[in-house]
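Starting from the known structure of chain U, arrange chain C on it as the hints suggest.
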Amino acid sequence: MEIDPFIFRFSIFILSIFVGYYVVWSVTPSLHTPLMSVTNAISSVIIVGAIIAALASNSDKIFETSSIFGFLAIILAAVNIFGGFLVTQRMLQMYKKKKK
Amino acid sequence: MSANLSATFYLISGILFILALRGLSSPETSRQGNYFGIAGMAIAIIVTFLSVGNFGSGFIYVLIFLVIGGSIGAFIAFKIPMTAMPELVAGFHSLVGLAAVFVAISAFLNPEAFNLGIIGDIKLASLIEMSLGAAIGAITFSGSIIAFLKLRGIMSGAPITFKGQHFINLFIGLTIIFLIYYLCKTQSSNIFWTIVAISFLVGVLLIIPIGGADMPVVISMLNSYSGWAAAGIGFTLENTALIITGALVGSSGAILSYIMCKGMNRSFFNVILGGWGATDQASSAQSKEQKPTKSGNADDAAFLMKNASSVIIVPGYGMAVAQAQHALREMVDALKKNGVKVSYAIHPVAGRMPGHMNVLLAEANVPYDEVFELEEINNDFANCDVAYVIGANDVTNPVAKSDPQSPIYGMPVLDVEKSKSVLFVKRSLSPGYAGIDNDLFYRDNTLMLFADAKKMTEEIVKSL
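Chains as they are written, first to last, in our numbering: chain U, 61 to 160; chain C, 620 to 1083.
Chain U extracted, bound-state conformation (with noise of 0.2 Å):
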């Protein structure tokens, strides 16, 4: 019998849940804000969903109903990858050990 693959793509959810796990037990609390801001920014990683959404319309119609709410995913995604990212980056540059 052939295995759905749903149960595999189930499977690489349920590994990534797991390889989150410990990989967020080892960030360090200090770091704990600048994880947030880079979830956030990685989650936005949603926006190839909004892309095909966009693109999805091969007539010359390029503003379908469903192609609009794609669009408006990219720049609500958009603002969150650049925002996301910087900020981390920004954050992560204050972090200085001591100058000795």
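Since the hints were derived computationally from the structure, they do not count as laboratory data.
Only a predicted model underlies this, so the values are computations on that prediction, with no experimental measurement involved.
Just so it is clear, CB atoms sit at the ideal spot from N, CA and C, and this is done for glycine as well.
It is possible that part of the hints are untrue.
[As the list claims (entries may be wrong)] These stretches of chain U come out as covered by chain C in the derived footprint (C-beta under 8 Å, 3 or more residues):
1. 82-92
2. 95-107
3. 130-137
4. 145-153
[Claimed, not checked] Simulated pairs of lysine-lysine, DSS-like, Cα-Cα distance not exceeding 25 Å:
5. Lys742/C to Lys804/C
6. Lys956/C to Lys157/U
7. Lys955/C to Lys1020/C
8. Lys1039/C to Lys960/C
9. Lys956/C to Lys156/U
10. Lys960/C to Lys1081/C
11. Lys913/C to Lys925/C
12. Lys157/U to Lys960/C
13. Lys1081/C to Lys913/C
14. Lys955/C to Lys1081/C
15. Lys881/C to Lys925/C
16. Lys158/U to Lys742/C
17. Lys925/C to Lys960/C
18. Lys960/C to Lys1037/C
19. Lys698/C to Lys156/U
20. Lys955/C to Lys157/U
21. Lys156/U to Lys955/C
22. Lys960/C to Lys156/U
23. Lys158/U to Lys925/C
24. Lys960/C to Lys158/U
25. Lys1039/C to Lys1020/C
26. Lys955/C to Lys158/U
27. Lys1039/C to Lys1081/C
28. Lys913/C to Lys1020/C
29. Lys1074/C to Lys955/C
30. Lys960/C to Lys1074/C
31. Lys1074/C to Lys956/C
32. Lys1039/C to Lys910/C
33. Lys1081/C to Lys956/C
34. Lys1037/C to Lys881/C
Okay, now just chain C, sitting in the frame of chain U:
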């Protein structure tokens, strides 16, 4: 680009995201980690363009919208003051949530584009995934908006509770599950819209009963939700990068919520169900009898600290409000010139989000190896001459160790009272968020410095 090739690239970008989080295990590797994250994002976006392969006029619009959003994001990232970081993160969560809702809506309206079947006959699994993604996304959106308003001070931080609140939430939650079941049977768009609308309402109802000082838990929880929403959409789109990321972010937020709850010795449900302090009125009222405190001025504080051999600084939310971190650093520099050993002690729930104090101190150029977590430094208070408490309150209250009746009993606290003398900067004797009196105010070794945190620190700098 073939589907297999693009799936491989999505896997690579998922791995780069894991490395981005891995980098945060130490400040040295963190910057490199952030570049991994950016690379992962760039790969995911480029691969999506190539696999859609539609470079017509729509593509130009996509680029335009990307640039618009990106410029807004970059502008915010450079302009935002570090003290506003909790609001910013809450605001960003709301955007992820709303983006998830929009993607789910367009997948529902145009399932062919995503290979999910046709309108009125969407695959069952996809329908469940997209409605869950939309529901969690909507809850994340409206919940984050409320959190944002509370953090920003536009909305009062006081918990809003009413009778039967939890019952209503439970009822609405069950309704959503029922509606998803019904949607799968009928494929009706009206039901889909209803699910989205109700979920927006749930987000609001979920966050309004939670008070201001519980915000670290709320932000972490919403962080987690935004991850689960992304994962839900990832299943719909059959996209590995999105599934991996969703799982990472989901578990990250969940762990942070757990750490925050542990820092307050409260269960997650206790925080979520809201309202702290309502039952404590009686106990705080009876202890209201006038107890003597000793108060001093900046010169006294400067004298004490100058002649100390070690000082531990305990910052809290009040430092963020007063923007006192730079003045504090100047004070510490002056003390160091006098040969005083200075370190910082940070309680897990100090501030309004995980790691809030660390970022503010880093902004003021405090080296991160002078900043310690509760467990690392708590034993050092006994050997320290002066503890300088600036803007923290409940997290230093010794009652948490001695009085089983106290609502904060069992909460891990910084053993500030063990140091030879305590300088407590505070505007008045009013109790902290938990609504209980801090026993520390009345100790013999405590000197109260009644003033704004920033002004007092600046004055101490002057008299040093």
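Status of each hint after checking the structure:
no., hint, verdict
1, 82-92, "holds (count 10)"
2, 95-107, "holds (count 13)"
3, 130-137, "holds (count 8)"
4, 145-153, "holds (count 9)"
5, Lys742/C to Lys804/C, "holds (11 Å)"
6, Lys956/C to Lys157/U, "holds (18 Å)"
7, Lys955/C to Lys1020/C, "violated (33 Å)"
8, Lys1039/C to Lys960/C, "holds (15 Å)"
9, Lys956/C to Lys156/U, "holds (20 Å)"
10, Lys960/C to Lys1081/C, "holds (19 Å)"
11, Lys913/C to Lys925/C, "holds (20 Å)"
12, Lys157/U to Lys960/C, "holds (16 Å)"
13, Lys1081/C to Lys913/C, "holds (22 Å)"
14, Lys955/C to Lys1081/C, "holds (15 Å)"
15, Lys881/C to Lys925/C, "violated (36 Å)"
16, Lys158/U to Lys742/C, "violated (58 Å)"
17, Lys925/C to Lys960/C, "holds (10 Å)"
18, Lys960/C to Lys1037/C, "holds (17 Å)"
19, Lys698/C to Lys156/U, "holds (21 Å)"
20, Lys955/C to Lys157/U, "holds (16 Å)"
21, Lys156/U to Lys955/C, "holds (18 Å)"
22, Lys960/C to Lys156/U, "holds (18 Å)"
23, Lys158/U to Lys925/C, "holds (21 Å)"
24, Lys960/C to Lys158/U, "holds (13 Å)"
25, Lys1039/C to Lys1020/C, "holds (19 Å)"
26, Lys955/C to Lys158/U, "holds (13 Å)"
27, Lys1039/C to Lys1081/C, "holds (24 Å)"
28, Lys913/C to Lys1020/C, "holds (23 Å)"
29, Lys1074/C to Lys955/C, "holds (20 Å)"
30, Lys960/C to Lys1074/C, "holds (23 Å)"
31, Lys1074/C to Lys956/C, "holds (21 Å)"
32, Lys1039/C to Lys910/C, "holds (21 Å)"
33, Lys1081/C to Lys956/C, "holds (14 Å)"
34, Lys1037/C to Lys881/C, "holds (23 Å)"
The structure is inconsistent with the numbered hints 7, 15 and 16, although it conforms to all the rest.
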